[in-house]
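Chemist: Chains as they are written, first to last, in the working numbering: chain F, 594 to 1006; chain U, 56 to 276.
Calculated directly from the structure, the hints in this document are not laboratory data.
A virtual CB, placed ideally from N, CA and C, is assigned to each residue, including glycine.
Some hints here could point you the wrong way.
Which residues of chain U face chain F? A few of them, derived with a C-beta cut under 8 Å, are [as the list claims (entries may be wrong)]:
no. : residue
1   : 66
2   : 109
3   : 152
4   : 225
5   : 228
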Amino acid sequence: MLRSYLLLAWKVLRRRPFFTATSLFGIAFTLSVLTVASALYESIANPGEPLTRAGRVLGVYDVRGLGPHMCVFSSPGYGLLDRCARSLPGAEKVTVFGKGEPMTSFLEGRKIVSQFRRTDGAYWELLQFRFLEGAPFTADDDSTGAFVAVVNATTRRRFFGSEPATGKSIVLGGRTYRVVGVVKDVPITCPEGYADVWTPIGTSLTPDRQKSYLGGYQCLVLAHSRADFANLRAEFARRVAEVQIPDQQELQTLTAALESRQAYVARGTFNTEIGRDMSARLSFAVFFVMLLFMTLPAINLVNLTMSRVLERSSEIGIRRAFGASARSLIGQFLVENLVLTGIAGIAGLLLAAVLLSIVNRSGLVPYAHFGIDLRVFLDGLALALFFGLWSGVYPAWRMSRMDPIRALQGRLS
Amino acid sequence: MLELKNVGKVYRTERLETQALEGINLKVRPGDFLAVMGPSGSGKSTLLHLLGLLDQPTQGMVELDGRQVMDHDDVTLSHLRNEMLGFVFQSFHLVADLSVLDNVEIPLLYRPLSNRVRRDLALRSLGRVGLSSRVHHYPSQLSGGQQQRVAIARAIVGSPRILLADEPTGNLDSQTGEEIIAILEELNRKEGMSVVMVTHDQRFAERTHRIIRLFDGRQIN
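With the hints as extra help, turn the sequences into a complete structure.
Modeler: Below, the structure written as structure tokens:
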């Protein structure tokens, strides 16, 4: 039966090549845009390497300080994270690292701007970078303030061409660092892992910075399992609440929270208070926007399908007369619609791959390597399936309710 | 086998009520060959639709093997149509996009059969109407008579007990019409298939076992 449905679906599509092509283009374009959006969303929500264990990671991304005359919203300071997050009981790993800043170098008259990040030794254990050569610096390097650096592949190319970089020196911001390792480029869509050069925090940790509660740092906490999240959050919140702020004239309370990456992205999207998890709402909003975006081509497809249904009234009447139940006719028309959207889905995925390749090569998103991986492919497939069902259900339902006699007599309208 | 008991059919619109059939009593027994005759608008096609379980009477009962069938749900009625009945229409109603073979397979799509069995049955059915050499043609590549033979092959492929033919020769010249009637006669005589045929042609009607004459929705014989 399926073979017959597929055969007929293919022949029906070929009946009116122009309408079919227009319809296919509309669906393919819509699905390609949605697939690109899905690839971008996936690369932010589930960035992969080096944040491969994102499902077990919570982070402290922001802090809010409230005083009688001011309210400060910034990244947390080293002192706050060192005191409240570093030794959280139940955490498998905790890393504190700088937010990153641009750093300028001059090499043979060329100005090179590198994204520079200071990290502790645990950073290399929690995040799983792919090392192309050498190794990460250690906790000892951090505590002794060793002037060592890990660079990414692009920085190695910029400074050393095709030569290995390990053991060589680079000068950044007037200081010389010995390169100990080279990692694969990490795209900016994984902000925790994105940088060109990483050096130990200890190279710049002044006593003031050691105590600071606000500014410049972030922290990631790797839990043994997601079941530990609640305890970790509660303990962190308790510690933050106990912080004694030295100058109470300016700030009296601090608010910070351990958040999942999705919650952090959602909070940024909806601009809500720290610790409020809006990720479910963000997922719903993304789904709703996608649905809206699909509405126009879906309506177009519904119209096209309806006109095809009317053209095929005789066939519908025949099928009813020879034993097709309303349910099996619904199945047939849904299969036909799914064939159309399946073809459009494949075209949409190919178009999306081309668009993503253009974005990757454009340099608009540093070190981007967006692509159609399995997850995005499945997203695209799900979108095509959803689209096919959504736009096919109404015509199929209408068609299944047709009076077979009127259908045979061609008296449908 | 199939019986209409005091059946009536009224078509209602907002302003109009039309009595299409009234007080029809009719039995179709195994091996019957019936002709239904009457002027246009006399209710011939409505009668055929009721016999074909495609329509519901507004009064009376339709019984199949002694059991009332009109209360059945859509799935059951569809199943009964598929198993018991075959249809041949004046305008053939072949699906233009499908080959002759695929058209004949249509009734078998709604049975749990393998592709091979479906194909074999369809080929055998086409052989019975003398169209084995045209299986991969499309309806538009066939003459009217050949198309009607494909329609007959489709109607009999599932070995129905009753064949309902609505003016099967209406769109054909007399010689081709003769060939179609000969096929129907053969199906009735050799295979014992009951045939109910609506026709305007007295010559063809006289070759059946019984003629049902309708006038203004009433049976007049």
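Chemist: Confirm or reject each hint.
Modeler: Here is how each hint holds up against the structure:
1. 66: violated, 11 Å
2. 109: OK, holds: residue 109 of chain U within 8 Å of chain F, min 5 Å.
3. 152: Given a least distance of 4 Å, the restraint on residue 152 of chain U holds.
4. 225: violated, 14 Å
5. 228: violated, 23 Å
In this structure, the earlier hints numbered 1, 4 and 5 are contradicted, and the remaining ones agree with it.
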